[in-house]
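Colleague: Each step along the sequence shown adds one to the number in the working numbering, with nothing skipped, and position 36 is 36.
Calculated directly from the structure, the hints in this document are not laboratory data. Quick caveat: nothing in here was measured; it's all calculated off a predicted structure. In this text, a Cβ means the ideal position worked out from N, Cα and C, and glycines have one as well. Worth double-checking, as some hints may not be accurate.
As the list claims (entries may be wrong) - If you anchor each label on the Cβ, the simulated ranges turn out as follows:
no. : residue 1 : residue 2 : range
1   : Y70       : P40       : 14 to 20 Å
2   : R2        : G78       : 14 to 20 Å
3   : M1        : F38       : 18 to 24 Å
Claimed, not checked - Below, in silico cross-link-like pairs of lysine-lysine (PhoX-like), each with a Cα-Cα straight-line distance of 20 Å or less:
no. : residue 1 : residue 2
4   : K42       : K23
5   : K23       : K65
6   : K53       : K65
7   : K75       : K65
8   : K23       : K80
9   : K42       : K11
10  : K53       : K11
11  : K75       : K53
12  : K53       : K80
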Amino acid sequence: MRIVPAILTDKLDDFRNMLDIAKGFTDYVQVDFMDGVFVPSKSMSLDALMGVKIPLDMEAHLMVKDPNAYLASLKSIGAK
Numbered sequence: 001m002r003i004v005p006a007i008l009t010d011k012l013d014d015f016r017n018m019l020d021i022a023k024g025f026t027d028y029v030q031v032d033f034m035d036g037v038f039v040p041s042k043s044m045s046l047d048a049l050m051g052v053k054i055p056l057d058m059e060a061h062l063m064v065k066d067p068n069a070y071l072a073s074l075k076s077i078g079a080k
C-alpha cells in the first residue's frame, strides 16, 4: 500500500513548505489543481510552478474544466 500526500494550496510559498515537509517522509506527492470553473475554488496555477524544482515524483489531480490543456505543462514539470 502506498500513501501519497496531496499538496493543495493557492500560495507558492506554502507549496514550497509543503514540498519540503513531504521530502522528509516520501518520494511521491500529488499536486491538486482547481481552476475555479469545474469546482468553485481555485488553487495555485500551473504557470506558477513552471520555475519550481520538484525533487519528488509527482502526479496531478486535475479538478479543471479542460484537463487536456494541462497535459504538456504537467509533463514538462515532471508529472507522471
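Colleague: Look at each hint and say if it fits the structure.
Modeller: Here's how the hints hold up against the structure:
1. Y70 <-> P40: 14 to 20 Å: Taking Cβ atoms as reference, Y70 and P40 lie about 19 Å apart, which means the hint holds.
2. R2 <-> G78: 14 to 20 Å: With Cβ atoms ~18 Å apart, the hint holds.
3. M1 <-> F38: 18 to 24 Å: Given about 29 Å between the Cβ atoms, the range is violated.
4. K42 <-> K23: This hinted pair is violated, its Cα atoms lying about 25 Å apart.
5. K23 <-> K65: Cα-Cα ~30 Å, so violated.
6. K53 <-> K65: Violated, because 26 Å separates the two Cα atoms, which is more than 20 Å.
7. K75 <-> K65: Holds, because 18 Å separates the two Cα atoms, which is no more than 20 Å.
8. K23 <-> K80: Status holds; Cα separation ~17 Å.
9. K42 <-> K11: holds (11 Å)
10. K53 <-> K11: Holds, at about 16 Å.
11. K75 <-> K53: holds (13 Å)
12. K53 <-> K80: Roughly 15 Å between the alpha carbons, so the hint for K53 and K80 holds.
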